[in-house]
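Novice: Residue numbers (the numbering used here), protein chains in the order written: chain A, 1 to 275; chain B, 276 to 622; chain C, 623 to 983.
Derived from the structure by calculation, the hints contain no laboratory data.
Yeah, the Cβ is synthetic: ideal placement off N, Cα and C, and Gly gets one too.
Since no wrong hints were added, every one of them can be taken at face value.
The calculated label-pair distances, taken between Cβ atoms and stated as ranges, are:
| hint | chain 1 | residue 1 | chain 2 | residue 2 | range |
| --- | --- | --- | --- | --- | --- |
| 1 | B | Thr596 | A | Val12 | 53 to 61 Å |
| 2 | B | Thr596 | A | Gly113 | 40 to 48 Å |
| 3 | B | Lys437 | A | Gly113 | 34 to 42 Å |
| 4 | B | Asp619 | A | Ala130 | 34 to 42 Å |
| 5 | B | Asn359 | A | Val12 | 22 to 30 Å |
| 6 | B | Asn553 | A | Gln139 | 47 to 55 Å |
| 7 | A | Ala21 | B | Arg361 | 24 to 32 Å |
| 8 | A | Thr96 | B | Thr332 | 47 to 55 Å |
Quick list of in silico lysine to any residue cross-link-like pairs, SDA-like style, CA-CA up to 20 Å:
| hint | chain 1 | residue 1 | chain 2 | residue 2 |
| --- | --- | --- | --- | --- |
| 9 | B | Lys483 | A | Met115 |
| 10 | B | Lys483 | A | Thr143 |
| 11 | B | Lys496 | A | Met115 |
| 12 | B | Lys496 | A | Gly122 |
| 13 | B | Lys496 | A | Asn125 |
| 14 | B | Lys621 | A | Ala231 |
| 15 | B | Lys618 | A | Ile253 |
| 16 | B | Lys618 | A | Ile47 |
| 17 | B | Lys621 | A | Tyr54 |
| 18 | C | Lys960 | C | Thr938 |
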Amino acid sequence: MAALVLPAALLVFTLLVAPMALLARISLNHYSPTELMVEAFTAENYIRAVADPYYQQVLATTLGVAFLCTVLTVLLGFPAAYWLARMESNRKSIATILTLLPLLVGNVVRSAGWMALLGNEGGINAALRALHLTSGPLQLLYTPGAVIVGITAVVLPYMVLTLAAVIESIPRQAEEAAANLGATASTVFRRVVLPLSLPGVAAGSVLVFILCMNAYATPLLLGGPQFKMMAPAVYDQFVRGNNWPFGAALAFILLVATLVLTVIGSMALSRRYRG
Amino acid sequence: MTISRRTLLSGSAALLTAAATGAPKNAVAQAGGQVVIGTWGGDYGELLRQLIDQQFTAQSKIEVLQDIGNNSPRKSKLLAERQNRRGSMDVSCLSDSDTYQMMQQNVLDKLATDRIPRLGTVIEALRKDYAVPHIYSAMVILYNPSKVTTPPTSYADLWDAKWRGRVGLSDILYNYNTAVAALAGGGSMSDFGPANKRLMDWRSLDVKIYPSNEALATGLKSEEVWLAPMWLARGYMWKKAGIPLNHVVPKEGAVPVVYEAAVPRNARNKDNAWRYLNAMLEPQAQIGFAERMGYVPTVRDAQLPAELAREISLTEAQQATLKTPDHAYLLQHTASILDFWNKDFKG
Amino acid sequence: MSTLVLDRLRKRYDRTTAVERVDLTAKQGELVALLGPSGCGKTTTLRMVAGFIAPTDGRVLIGDRDVTQVPVHLRNTGMVFQAYALFQHMTVAQNVAFGLEMRRVERAEREKRVAEALRLVRLDHLADRMPRQLSGGQQQRVALARALVVNPAVFLLDEPLSNLDAKLRAEVRMEIRALQQRLGLTTLIVTHDQEEALTMADRLVVMERGRVRQIGTPEELYENPADVFVASFVGNCNLVAGTLERPGSFRTQSGTLLPCTSEAPAANDGLVLALRPERVTVTPGEGAPGDIRAQVTAVTYLGAQTEYHLDLNGTTLRASRSTPLHDDPLRRIAPGEKLTLSWDAASARLLPAETETGDET
Chain A
1 MAALVLPAAL LVFTLLVAPM ALLARISLNH YSPTELMVEA FTAENYIRAV ADPYYQQVLA
61 TTLGVAFLCT VLTVLLGFPA AYWLARMESN RKSIATILTL LPLLVGNVVR SAGWMALLGN
121 EGGINAALRA LHLTSGPLQL LYTPGAVIVG ITAVVLPYMV LTLAAVIESI PRQAEEAAAN
181 LGATASTVFR RVVLPLSLPG VAAGSVLVFI LCMNAYATPL LLGGPQFKMM APAVYDQFVR
241 GNNWPFGAAL AFILLVATLV LTVIGSMALS RRYRG
Chain B
276 MTISRRTLLS GSAALLTAAA TGAPKNAVAQ AGGQVVIGTW GGDYGELLRQ LIDQQFTAQS
336 KIEVLQDIGN NSPRKSKLLA ERQNRRGSMD VSCLSDSDTY QMMQQNVLDK LATDRIPRLG
396 TVIEALRKDY AVPHIYSAMV ILYNPSKVTT PPTSYADLWD AKWRGRVGLS DILYNYNTAV
456 AALAGGGSMS DFGPANKRLM DWRSLDVKIY PSNEALATGL KSEEVWLAPM WLARGYMWKK
516 AGIPLNHVVP KEGAVPVVYE AAVPRNARNK DNAWRYLNAM LEPQAQIGFA ERMGYVPTVR
576 DAQLPAELAR EISLTEAQQA TLKTPDHAYL LQHTASILDF WNKDFKG
Chain C
623 MSTLVLDRLR KRYDRTTAVE RVDLTAKQGE LVALLGPSGC GKTTTLRMVA GFIAPTDGRV
683 LIGDRDVTQV PVHLRNTGMV FQAYALFQHM TVAQNVAFGL EMRRVERAER EKRVAEALRL
743 VRLDHLADRM PRQLSGGQQQ RVALARALVV NPAVFLLDEP LSNLDAKLRA EVRMEIRALQ
803 QRLGLTTLIV THDQEEALTM ADRLVVMERG RVRQIGTPEE LYENPADVFV ASFVGNCNLV
863 AGTLERPGSF RTQSGTLLPC TSEAPAANDG LVLALRPERV TVTPGEGAPG DIRAQVTAVT
923 YLGAQTEYHL DLNGTTLRAS RSTPLHDDPL RRIAPGEKLT LSWDAASARL LPAETETGDE
983 T
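One chain only, chain A, in its complex shape (with noise of 0.2 Å):
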């Protein structure tokens, strides 16, 4: 058995764990104009990134974006998967083969769907420039606003999928057995259906979230240049800085801050579950 397993651990380790590996130590160096890299142990980068009001804010508007997309999914998701799982066997394979197109297409192309939707000349101007509600272009591209819808767009069959997954083995009798006894749809929903499915809820928020700490080209596509989350920012420093050191210092941050809160996130889902 332990031979077998022997090409796919090496495997894993050459492709994920030795790469990490070195990032982790090219984030310990010094960085110097001339040289771009010098051999060192030095917390600098670190330090640097967590003073710097400039990274913070970074930190935080990724943070505050991952949640909000996080909580959309869940709330847009919800009835889909809800629907998706309640199906006849038969439309459900096609319904779920629908909701996996979108992954099909890549983000670059999706993104570039958004921005002729969004742009100043794009449809949506274009539209309620024709209805007379607007008279110059509304500024949608370039915003929090396209970048979260953008996001959202992008990770919400992740969710409908997970949550699906789960809704389908809630019993569709305990459903009736809540309404039997008196509960109405509502209640039934919020006292039965809701707390099964905080298992996919969590589940799925994980998935999501951490897809959402990781955007690259959605935010910078949609949310113009003034608009910096994480993910570009860990390129700017390694392609455009030739910062190897604090890109890889700001990788380690992103990569730290979406397994702790991953992690919080999950535990406390998972206790409320329980109780």
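Dock chains B and C against chain A, hints included.
Specialist: Below, chains B and C without anything else, positioned relative to chain A:
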């Protein structure tokens, strides 16, 4: 630094860039051997193939392979391979500032001037001992003639209050935009000190920042903005695409960008590389790039058609005032320039 | 507790009719079983009573109240589901308290009634367990307590025993029946198991393909089935096709004459003789001329009972009796040997033959 640490560093760089780049295909060598060109894909790579490679291979029997990627993976690859005895690239195409950086990192070989006879025809101001200038353009001011009736004459005119909210910038050209601000504020290519105040003034004048050159073109096309500092070559292409644009060369002197080609110290096929650099300077190839991409020839004997020359060339006087970047200064300050751009100007 | 009236209840889907027409009045405290093979419409009927399915026509009355248009949560029925449908995220006590909470019963009162209900099903010691920690039988009893604690007007059971093993099934069956009788619950139970229906129900409704075949007490259905379907579905029955030779004598398709009741339905041709196997008396030997003789084709030993498969010149019959003692000559009867048969002519009932295209509308 010990050897082993260096190995670790270059190894890490190689790992990080492995996904982004990938080695060129190893084809069977022709009679004259091979030469591997590290270049961009898209128009640039395609024009290299059409205008240089075909004839080059026909004459020299040397097979040309392209190692396609963007500039940053290419730089990472050069840095990662710098300790290796034999590198994977024979010619590296990069912008002047990137090439300078590579030279600083001791990646590049000195030009074997005797092997590149056409070096003699290169414009004096563009000559370097570590790279061949391939094509160049300059940062001019593009404007929409139907909106801007009195054209600007200098970079400083972009701060005129009557253009409030009508000046557009491309985010990716942050260092050149900062250079423009420095020159407008009385600084020089070796002193960006005045730039910061100018950038903040621009900010209060509602300057519009676009995430890419293409987005800026869209803004100019929709007449959302009327003026922009931009490469003349880009302006020429956009004008051909139907965007209403004229250009002026600023009286402070325009900042040039030169796309250069250099040979890594550890290139496998150095002889072939020198021959290739020479071929890049041939007048026909130079004229081809001018016609197709709007970049100006770097050699004196490439005669452009008069019409085209008027659109993309600088006069002798304008060439004389070119504000060539001080790469040493830029390299030293690139982190703080980016920081100010991100945190203060955009933030 | 109230009476339950189903008045011309009908359910049609696009193409198919799930329930053709059900008329039924269940008296206060009566247990009525809906019995039939799967797809007969019994579950649809029950769900129309609970309010999960809206009938196409007809009415449901609980007590004097027409609840046909009343939503599920206001009907005050207590339902026990096939898979129990317990709330997996609540304790046993919370499960039982749910219906009382919905009725806004005060906390102290609620706790008292939950404890009572759990005592009733002998689960008071497991009040704080989670459902997944209980056995199937215990879960079933929680479901019963949960449905009963709210004092439902009508008690509804959907195949309540089908998820239990055979031994437990008999036990829970007795328990449900005892509870139902003690509390005087008007009850509707759905089952496909005729033994379950016969042992528990005051009255049975036999359904087949959306139609009611017969309503009656277990004895009425067994002794006096209205048609071939009921005769075959409720208990074992010899069903022999043939015609009436003369009053009291039936000619099978292979030509054998068999004694039968003198009460014959109007249709002369296309009759079926229905004779319960235990009504056939078998005696070893050829018997006298004029006796009914048969050859044994198989003997099936069932412990308390023994079943004889018989051939009467091409007509097959089954007879069953309590297994004979060791010294009884019948005990040694083997296939190929001859037996003499007799039965009370009145036990051999005549039914009209089933016609598939019958009177469906």
